[in-house]
Structure formats: structure tokens, C-alpha cells
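Q: Here is what each chain is made of, one letter per residue.
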Amino acid sequence: MNAVLIALLVLPLLGAALTLAPATVFGPDHAAQEKRALRLGALVTGLVLVLTVALAAGFDRAHSSRMQAVTDTAWIPAIGVRFHLGVDGISLPLVVLTALLTFLCAVYSTRRLPDGPGVPSARAFVGLLLLLEVGMLATFLVLDLLLFFLAFEIVLIPMYFLIARWGSGAKVASANRFILYTLLGSAVMLLGFLLVGLNAGTFDMTALAAAHGHGLSHTTQVLAALAIGLGLAVKAPAWPLHSWLPDAHTSAPTVGSVLLAGVLLKMGTYGLVRVLLPVVPDGTATLAPYLGALAAVGVVYGSLACLALARQGSKGDLKRLIAYSSVGHMGFVLLGIASLTPVGVNGALFANIAHGLITGLLFFLVGALKDRYGTADLDTLSGATGAALYGRAPRIGALLAFAAVASLGLPGLAGFWGEVLAMFGAFDPAAGLSRPAFVTYMVLAGLGTLLTAAYLLIVVRRVCMGDPKQTAVVADIADLRPYEAVSWTPLAALTLVAGLWPALLLGLSDPAVKHLLGGG
Amino acid sequence: MNTALPALVPALPALGAAALFATGRRAPRFARPLAILPVLISAVLALVTALQLGTGRTLDAATRLTPTGGPDISLAIHLDGYTSLITVLVGVVATCVQVYSTAYLRDDPRYASYAALVSLFTAAMFLVVYSGDLIVLLVGWEVMGICSYFLIGHHWETADARSASLKAFLVTKLGDVPFLFGLFLLGADAGTFRINGVLAAAADGRLAHPTLIALLLLGGVAGKSAQFPLHTWLPDAMAGPTPVSALIHAATMVAAGIYLVARLLPVFLLSGAALVVLAVMAAVTMIGSALCALAQDDIKRVLAYSTVGQLGYMAGALAVGDREAAVFHLVSHGAFKALLFLSAGVLIHAAHTNSLSAMSRMPWLAERVPDARWTLGIGLVALVGLPPFSGFFSKEAVFSAAEHATTRGEALTNGVGPAAGVPVAAGWIVLVAALLTALLTAAYATRLWLLAFPGRGAVAAAGTVVPRGEAAEGHAAALADTGEDLPVAASSTATAPSVHATEPAAMRWPLWVLALPTMVFGIAGLRPNWLPALLDGGSLRPSPATAVLGTGLALAGVLISYAAWRTVTARAARARAAEAAGAAAPQSTDAVDPGRALLGPLYGPAQHGFGVDRLYERLFVLPTLGAARLVRFLDREVVEGYVQASGGGARLLGWAVRRAQTGNAQTYLSALLAGVVLIAVFVAVGT
Amino acid sequence: MHLAYPAVLAALLFSVGVYGVLARRNAVLVLMSVELMLNAVNLNLVAFDAWLRDALHAGQALTLFTITIAAAEIGLGLAIVLLVFRTRGTPDIDRLTALGDRVAERQNSADDSVDASKGQAVS
Amino acid sequence: MNILAAAGSLAPATRGFLSPTGAEIVFVLVGLAVLGAAVISVGTRQLVHAALWLVVALGGLAIEFLLLTAEFVAWVQVLIYLGSVVVLVLFGLMLTKAPIGRSPDADSGNRWVALLVALAAAGTLVTLVVDAFRTSWIDLGAGGGSASVTGASLFRNWVLPFEALSVLLLAALIGAIVLSRSRQAAAPKPRAGRLRTGKPVGAAPAAKSPAAQSPSSERES
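Chains as they are written, first to last, in our numbering: chain A, 11 to 530; chain B, 1072 to 1758; chain C, 74 to 196; chain D, 2 to 222.
Looking at chain A on its own, in the form it has when it is part of the complex (with noise of 0.2 Å):
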């Protein structure tokens, strides 16, 4: 079973590799090239799905809060950091959802890639996609300090070049500021990491997690808690630090928007399960109420943005929108993890995943309206009353409102059990947290999920609904095309069959989660 694991890192940086050959290698003329070079993208991470699939069929369900498919060899004996591979029932979820998604987008860029003047040649492209999942598989198996930090920074250069060199708008200055906000905040994890490992004499996260903190003093356990937070609040946003997300997202590519939002902000948030739960508890439970605060507040934020955003007039961006949107939903997963039960952690594993298929399809359906319309300005989208898309495109606007009420978190639908097992867990919080704080957290999230339903149920108004004899931007725009059902109903089957039976995730979770709050 181990050698999956090395086979699931290997293989798309062989794809990634291939990519660097010579131009010929993949055909005589332009075309054919780009053809052929995309076509490998959809293979290699095909395969790389396969794998993963194969990898959830042979997990053994029964002992999920174990690690399996181990492989721990030394790789740096000098500052003892081992190559240390193996997944349990928090990361297999993650690493399924990554493959999915990246299968998704080279499929659905296989036929829509971005081009334009200066855009690089699809083999860049698929070789940067590679290399992207190479570094996400990465930081959701490796099991030590050093490597998950390595694996962190790898996927932000591919990040990178995606949004500076495929995006759209103020595309060059938005990437700076992605990488650059990301790398401060990885240093200040790094060496968040560095004083843990360094004081309990060891980076692996397994020795860590069994030894629950017991090798540290209240103040390193404190002040690596802030260290690796900070880093990690960075990249799944947290109220204050979020500012990086909606730039990036209004010029990113629409793959790009897909895997940033879908994965990247996963790496946060299960960086915060993973290493700050069981290394660092007491510094946890300290910085917990900060937490809260900043997640409850982040919910609320997010949701008022995306309603000024979507008031007519406001001139407000459908991605910009749905970026925000992503920083209230993570806000939602922040207070569970901040509750440090159970029941939150669960809700905030449940909610990751389920925010990465509703996100991914949002962002897939406003990319495809980006396309069509040329703009993603919501004011020349829906002029006066509306775009009436459900008269338009009736599959599309079908498919958008879908999306939409699976992500204001109606029950039935993947986005309803993370948030209310998120805010059962704040209303309930570990001993030792102070229990007003919490249950005004939740109280707070719990405004922010109406303020969620109205935004996005105006956008429906503002985009699906609307006077059909209204002048539209374009006059006839096509319905859902091949490629696009291919690769987006996997998302919305996904969505649903995890709303009608949570069990499949968190069946995994529950125990896994048990045992890494339990210490032990």
C-alpha cells in the first residue's frame, strides 16, 4: 500500500518532467503540440485519481485514526528529518478532493484553455499544473515538520506563474502580492516549526502528536501555537490576513480559482488540524478565543462584503464575490477548529471538503460566464433586472442556483454539516474555554450563514432570474457544452451524495479526530 503513496508523489512530477522536454518531442506544429501536451495533463492526473481512489477503496475504515500505507525512511539524519509518507481519516478525504479537482481542470482545460497575447504554450501549463499537484498531494501525506513546510512553499511558485502569467486584469501585481503575503507567513510558520522540533528534538508529526505537547514548556507551546497560527491563518483566511484572497482570485485563471480556492486554502486549515491540534495543545487552547473571535468575525465580514459587492450599482466582481465568500465559509471552519471538540473539528474537516466541491463549482460556473459574457462585472451582467439566465442558459442557471444553495449551506447539501456540526461545536466548546466567548461566536456565525443565504440568493436573482425581454450584454449565449458537464457533475453529484449521507466523511473523521484530541 506504501508504494501508492510514493507512486501518487512521483507521478505527476515525472508528467511535470516530461513537460520539459523539447517542443518536438510532442509534435511537429504548434497545434498538435498544445494538443498533445494537454492530453498528458488529463492522463497523468487521471492516473493520479485512479491511485487515489484505489488508495480510499483499500483504506481500512475500521482504524481510520491510524496512520496507513506508511513509509518512513531518513532523509536528512543531520537535523532528523525523515521522509515520513502515510495518511489517515483526516488527510484521505483531502487527498481524494485533490486529485478530483485536479482531474477536473486539466479535463476542463484540455478544451478551454486561457490564451491570449503573451500566455505561454499549454506544455508550461500542464507542466506548472504537475508540479501544483505534486506539492498539494505533498503537504496533505508527508507527516514531518520540515516537509510539510517544503511542500507548502512548492505550491506557490506553479500558484504563481499561473495567476502572472494566465490570469486576466491586474494579474502581475495581484500574484506578487499572493506569493508575497504567503511566504511571510510561511516564515513565520517555519520558524514556528523550527522551535517546536528543535525543543521536543524531533519533526515528526506522529512522534509529536503521541507525545501531545509534553516536551514543551506553556510558553514555547504558546508561542509556537502564534508562530505556526500566524502562518497557517494566512493561507486559510483569517479575518485580518485575508486580503491576498480576492486580489488573487479576480485575476487568477479559471483553473487557477478552482485549485486556489478548492485546495490551497485546505492546506491551512488542515495544517491547523494536523500540526497545531496534538503538537501544541496548551498553546492551542490559549490562542483558541482568538481564534473564535477572528473566525466568527471573519464570517460575518466575508458575508457583508459579498452583500455589498452584489447590491446593484456597487460595480462589485462575480469572482471578487465568491472569493469573499470563501473567506466567510473558512471563517466557519476556523471556529470549529477553534472549539477544539469533537464535534467542531469534524464540522471543520466536513466543511473543507465540502467547500472545496461547492467552491470549485462556483468558481467553474463563473469562470465559464466569464467566457462567455467577456466579463465577470455582475452591474453589466445582469443590467436592470436580471440576466435571466434560467431563460438564457437554463442548464448553466440551473446548475449556478444549485451551486449557490449548496453553498448558503442548505441542509440536504454537502455545505449544511459542516457548518452546523462547526457551530454546535462552538456552542458546546472544550473545558477550559470560556463558554459565553463561544456561544456569541456562534450566535455570530450563525447571523453570517443568513447573511451568506442573502447574498448569494440576490446573485441568483441578479444572474439566473430576470426580464427575458431585457437587451442582454450577449445576445445568445450557449448552454452547457460537453466539456463543461464532464467536468462539472462529478462536483455537484459529489455535493449532493455527501449532503444525504455525511457519514461517508465523517466516519473517517470522527475516530481520527477522536485520537488526536485525545492524545495518546
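Just to be clear, a hint being listed does not mean it is correct.
Stated by the list, open to error - Keeping only pairs whose Cα atoms sit at most 20 Å apart, straight-line, the calculated DMTMM-like set for lysine to aspartate or glutamate is:
#, chain 1, residue 1, chain 2, residue 2
1, A, K479, B, D1231
2, A, K380, A, D125
3, A, K479, B, E1228
4, A, K325, B, E1711
5, A, K380, A, D486
6, A, K524, A, D292
7, A, K479, B, D1179
8, A, K524, A, D438
9, D, K98, C, D167
10, A, K325, A, D381
Derived by calculation from the structure, the hints in this document are not laboratory data.
Dock chains B, C and D against chain A, hints included.
A: Same frame as chain A, but now just chains B, C and D:
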């Protein structure tokens, strides 16, 4: 008795909905059978389950849906008398509505998605009634809310449908947020989300703060059942197609709130304060909505306000602790209100307008739709509560429950909870409000009847008559101003309404199917006494005192309204005669409305729902939008400011260090020596 | 004799030398101050040689060393000062700031005005 | 000299700051003089006076060496420092056309910082030294500094270092010469101009024609 049957009841319509969504566009001809068959079968199954269950037995079955780290969430079924009664009602009404819709929306391009959403809604309602787990109940609860959102927004071409659907969902969602917190409190105190577990915890007194729980749950109930603070969405929801109003906004969804309070009544009985709040809420809803119904011009808005009022009755019955009366009234109201809406639909379909004043100028309307005329009459009589129809018995049950509650310890809690738990104040509030509302209900019911079907003489006196032929052509204008709910696409081909072109069969026989229970349900239920046995066993027979008082008030209401109508038409006739003689200015055509005479100064505010909408606009909507603008400013200036400042700060630091390079060797040397001295001092001091 | 006296005197003399080196504008005077510092060191060496009664008389040998090196150094120093004087026309140290960041000062003033308006992170 | 030393060793017990021997008193007085001269030499505005006060300081120091029975070193000090080094400094002053009178800008802008650093250094060093050597006494009686003793030890074990020293002096000598050559070779160009006019190099220009005037004046600077 295995649980396969009840499990199928919610599953079938859901599968029907999925099938409709899938094949809607590709194979429209399957739409009709796929719409009707699943709901019909599930109605039959519900009836079979009810009969199998018999009276006085309950059935519980559960499998774990998912672990959560805390209390588990389970797919649970809880069957008892109440579920049998309500599922049969829902089944019957849903089938009638689906059949009715096949004709009503015959050539609507989006019929498939409409039918799918109605089936999904029915499945959600079944799930709410059958569910034994509060979180799964919440799932059904909110799926109903989203289906109502999509159905209200069915005619998304018209502006008010767009805004009404958004408003409906947001107001119910506003109610659902405290509802969720109430469920959390229940789940945390009882240690499980199973309803039996919660009721057992209530019995053992393990609920820490029942008043808070009850008030939070009331938030959700007020939202869903359109009670006083959160009722503003229901009248606007009439922008949706009429069958939707019949099913969702009359019989089922709005009743879900009442069903939930009935199910969790032991929790409510633990706190007197919550019952008083419920009583006050019910009273204000009853009286306010009755007054508003008296002043509405749109026939559907009258029925909508009437629904809000009747729900106030049920809430009042719950406030005095008698859930039997509440559910009895719920079922009978479900039947006759659905009947009223469907017949109103037929009326609108024929007259091509919603507005009562327009109908009052169409004398030919009566013979045009005889079935609708009769069923509307039966419905209105049941609504007013005149014997022998079901409305009378269920309303009397509420009156007697209220009357019993006025004396301490006498409340009809039928063993569900301590009779003393019901405060006397709640009893008096509900009794007085109920009686007053009986009067007002009779008034607006009669007004509706008189305006909808004016006799020949009265119309001649009232003035201009809308000839039959002209109605067909003029309907576009009528359609525009009254936001009539007829599908736009079907407008142009309406045949010139001739006498014998009555409504299609599919719209007529559901009326009679629903008329049957409206007439018979009261008598059938009480005579052989199977209804009380099915429920909690308390006798639902009307007590003589309230029966006489209630019926008297109802008759008084009818007479007052008729008298007002007579005087108004007489005055209009005199004015017509004077105007014919050229003396006075032409009277406005809608002077015939008795409501204006009865309400007098209250007519203006009543027409606009007493300004509650404007109040909410100012209280909630404007501050939220202000906060949104503030956040947009904060984000662009403050949070962004920090990021820019960090960039600027780094450059400033660089500039400062640069200035140290003065080029003068002596400054460097001084700095060097100062450093050396400092180090020497630290080393000397440090060791 | 108490060892503190020569040691303290040497220390003070050394500090006066330091002041001279750092404060004097003319390069020759700086060289003179350097001489003072070297002499302070010599005093210390001799004092400690006497105190340790060193058989090798290392202290005194080293003093001779320093004296010779000082002589060589002052010779070279003055040669350099002369050269500087001949090319720059002035022996004053604080005018010899060719290596300074003067270019930066002029550009700074230009930068500040630009920064105020743009305020954009250097892209 | 050894009487003093003997006296020193006779009364070891009653030592202390409060009962200074004769040598100590003289040492302190001369020390104060040296210090005063040094301060003035560093502080005065007139550059030449500074050099002269330096002479006084170094002379006082030579006396101090004598007091410390380092007789040979004292004379070497007088010989080389006072003799050659200060003279060199004076030459340096003259060659760089230092102003004779009071020159206002003798101190650079950096003087307050310099004062601060100097005082800090002085404070630190003095406290350090006093703290370290409070209880140590020099036994002057040993008379180790005389020319014979120093000479013997120099030629017994310090021969090689001194040879190296001589090489260093040679290098310094050559360096100084190279540096301060007045760059004859540096000005051939103007002279080439003169060659074309046929007049011999360096002939005293009898008639000061403007063309001739410029190259010669150039040669002088």
C-alpha cells in the same frame, strides 16, 4: 408492521422529482405521469400505514445516519396518530394540487421543473412529519423552504415574483437561525437529537432552561408558519402560481411549524412564559391578519391573510396546551383552505384577474364557473365556522380548549403535560382574540363572496359592467397591473369565454375531492369518536356555551358585512342615478367595497399590512446594507492600509539605513568604537 | 609602586588619543592622536613588564617594537596625507567623503516625492 | 636605583594607597602633566601648538619610563619619538600648508560623538583596570630596565623579531618614498608640446611668452 412502507412515503416523491429533473427537458410528455403517480402512490401508502397503525399505537425505528463526535444523528421514523392524520392530509392535498396543476399550467414551458419541485416539496413535508430525529427534521424543514423559494419564483419574468421569492426565503431563514440554536440546546441537554430522547429528558426535567428553548423554537415556528413577527412573507408569496399557494402556503408548509410545536408540546408546557408569548403572538396574528384580509383587493392576498389568521387559531390552541384541537383545526383548515385556493384559481383562470373589484363587475362569472362557485361557497362557510362543516367543529374545539384554560388547572392537556402548566392569562388572551377573529373572519368571508359573485341586481346598481367578451381582450391590462399569476406564455390564446366553455375536468374534480372532507370531516371525525382516539383521547366535542357564542358571532359578522354591502351598493346606485342626471362627478368604480365601509380609517393601513414591511425595511434591511457599505470601506481602507503600510514600512527602513552611509571615516570609526565599548560593558556586566 | 597608576594613566591617555582621532578635522592631527594611543600602550607594556619582572623582558622588547612600527607608520601616514593633500587640495578628513552614499542622498529626495504619490509596493 | 627597590621591598606589609612612596608621587605628578599636555594637544585650535604639546606629552612619558626603571626604553623613546616622529609630524604640517594661526575648524562635526565615545571608553577602561589591579604592586627594586639588562635579553632571544622589524622598516621606507614622489612621469604630455618648439628641456625660459608660461607653472604645482 415493517417500516418499509413509511420509508417509501417520502422516498417516492423525491425519486419522482429526481426523474422529472432528469427527463424534464428531454422527454416532456413523461412529465405529467411522473408528477402525479409518485405522489398518488405515496398518499395511498400513507393511508395504508395509518390504517395499519390503527389508533393509540406508536411505532419507532431508527438507524444511525452519521457519527458527529457528539450526539449521533439517526434516520429515525416516529409514527403515531398525528403523523397518520397529517400525512393523509398532505397526500390528498398534494395529489389534488398535482392533478390541478396539470391543467392550470398546461402549456407552461417549465412545467417539468415546477412539478419536480412540488414533488420534492411533498417528499420534504413527509420527511418532516415522519422524522424522529430533530436534525433530519431540520433537513426536511429547510428543503421545504428552498422549494417554496423556487416555486414562488416560478414566474421569474415578473418583478414581484423575483422579490417575493427572495423575501420568503430570507424571512423563513431568519426564523430558522434561532430554531437551529433551539435544537442545539435540546440536543446538548438531552444528549441526543432523537425526539423520544428529548421528550424523555423534558419529562425527567433534564432540560436546563426550557423557556429559552421554547422561545428559540418559536422563532423558527413564527418564520415557517407565518406568525406575527415573521408573517410578512406569506401575503407576498402569492406571486407564485395558485396551486403552489394551495399546497404550500395553505395546507402543508405553514402547518409544519404547528406540527412541530404539537410534537414538542411537553417542552413548551414546562415554561408558562413561553405559552403566554405564544398566546400573545397568536392573538396579534389572528386579529391583525383578519383586519388586513378585510382590506385586500387581491383575492389570493385575502386568502393568504386568512391563512395567517387560521394559523393563529392553531397557535392559540397550542398556547392553551390542547394540541388535539390545534391538529384537528390544522387538518380541517388544510382541506378547506386548499379548496378555497383551488377554486380561487379557477375563478382567476376564468376572470383573468385577481382583483375582487374587477370580478365584482363581471356578473357572468357565476354561471361561467359553477363548480368553483359552489366549492368557494362551501369553503367560505367552513372558514366562517358555521355548522355542520368541519370548520365549525375544529374552531369550536379551539374555543372550548381556550375556555377550559381560563380556569386554572382545567386546561385540556390530555395527559401530555401538567394542566396547571397552562397560565390562565394565555387562556383569556386566546379566547377573546378567537371570538373577535370569528367575527372578523365572517366579515371578510362574506365580503369575498359578495364581491366575487355579485347578484344581477346589485351589479346593475353598482355601475359599469365588464362585458364578457371584453374581459378576454382586456385581460392583458388586468394582468399587468394586478401582477396576476396566470402564466405569461398562455395569455394570448385564451378562448373567448362562452357560457358552456367551463373549466377543464382536471381543474374541477379536485375541487370536489377537497370539498368532501371540508363538509364531512367534522361530523365523521367526532360521531364515531375515531378522531379523538387517534389523537390523545381528549373529547373534541364542542361545549355548548362557546358553540352558541362562536356561531352567533359568526352570523353577526355575516350580517354586518352584508348590511354594509347593501348600504354601499344602495349609495352607489343613488350616485349612479344622480350622475345619470348629470349633477355629480362620476363616482369611482370600486365604491362597492364593504370593507372600506367596515374598516373606515383602518382601511388604508390594513391594506398595506399595518406598515410592518416598512418597519422591517427600516429596522433590519437598511442597517445591514449600511454595515455592508462600512465593511466595503473597511476592507479597502483599513485592512488594505495595513498591507500597503507594510510595503511602505520596509522601504522606509531601507531609506533610514541608507542615510548612515555618510562617507566620513570618522563617523564609521565612532560607531565602531561605540560598539566595542558596549560589547566590553555587556561582557563585563554579563558574566 | 602601585600598578594602578600607570594602568589608569595609560587608559586615560588612550581615551584622549581616541578623542583626537575621532574629533580632529586635519589628517596630520589624527596621526598625532594615533601616536598618543600607541604611547599609552607602551606605558602599559613597560608597567606590566616591571610588575611581572619578566626574565625575557618581553614588555620592553615589545615597547621597542611598537616604537619602531610607530615610526614607520607615521612615515607612511604622512606620505599618504601628502598624496591626499596634493590630489584633493585639503587634508581635512570630513571633506573626503567620495565613498559616501551622496548619490543616494540626491536620489532619496527624488524617491520621497514619488513614494508619496504612488504608494505602490515595488512591483 | 636599587636603594629605592630595597626600600620598596623592606616594607611590604604597610602598602596601601594612603601611604604612597616618593616614586609614586612623582609618577602621579608627571602623569598629570602628560595627561594635561595630551588633552591640550588634542584640543588646541592651533595645529603647530598641538604638535609641540605632543612633544611635552611624550617627554613626560619618557620620564615615566625612567620612574618605572625602564631606562633604555626611556631613552629610545626620547630619541625616536621626540626626535624623529614629532619632527616628521611637523614636516607633515608644513607640507600640507596647515594654517599657522588659530584655525576655527580644527575639530570636525563629529566631535561631540567622539567626546562621548572617548569618555565611555575611558570610564570602562578605568573601572576595569582599577577593579582588576587594585591589589597588585610593582616591585621597582629589581632595576630590570637598565641598558645592560635590556640589551642582554634583546640580543639573547629577540634577535630574529628585530631582523623582521628591520625588513618592515625598509618596506616602510620604500613605500614612503614611492608614495611621496612628486609624479615626474605623470606630466610628460605638456612637455611633449614644448619639444615640438625645439627648446631644450628645463632651459630657463628667458622670455616669458604665454605659451611657455603655462607649461612651466603647471610643472611646479
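Q: For every hint, state whether the structure bears it out.
A: Verification of the hints:
Between A:K479 and B:D1231 the alpha-carbon distance is near 16 Å, which keeps this suggested pair within the 20 Å criterion. Among the hinted pairs, A:K380 with A:D125 is consistent with the structure: their alpha-carbon atoms are about 14 Å apart, no more than 20 Å. The straight-line distance between the Cα atoms of A:K479 and B:E1228 is roughly 9 Å, inside the 20 Å bound, and the hint therefore holds. For the given pair, A:K325 sits about 19 Å from B:E1711 by alpha-carbon distance, which is consistent with the 20 Å threshold.
For the hint linking A:K380 to A:D486, the alpha-carbon distance of about 14 Å falls within 20 Å, and the restraint holds. With a CA separation close to 17 Å, the supplied pair A:K524 and A:D292 stays within the 20 Å bound. Between A:K479 and B:D1179 the CA atoms are separated by roughly 18 Å; this keeps the pair inside 20 Å, and the hint holds. Restraint check: the Cα-Cα separation between A:K524 and A:D438 comes to about 16 Å, which is no more than 20 Å; the hinted pair holds.
A distance of roughly 17 Å separates the Cα atoms of D:K98 and C:D167; the hinted pair therefore holds under the 20 Å criterion. Proposed proximity of A:K325 and A:D381 is supported: the alpha carbons are some 18 Å apart, at most 20 Å.
Every hint, counting from the list given before, is met by this structure.
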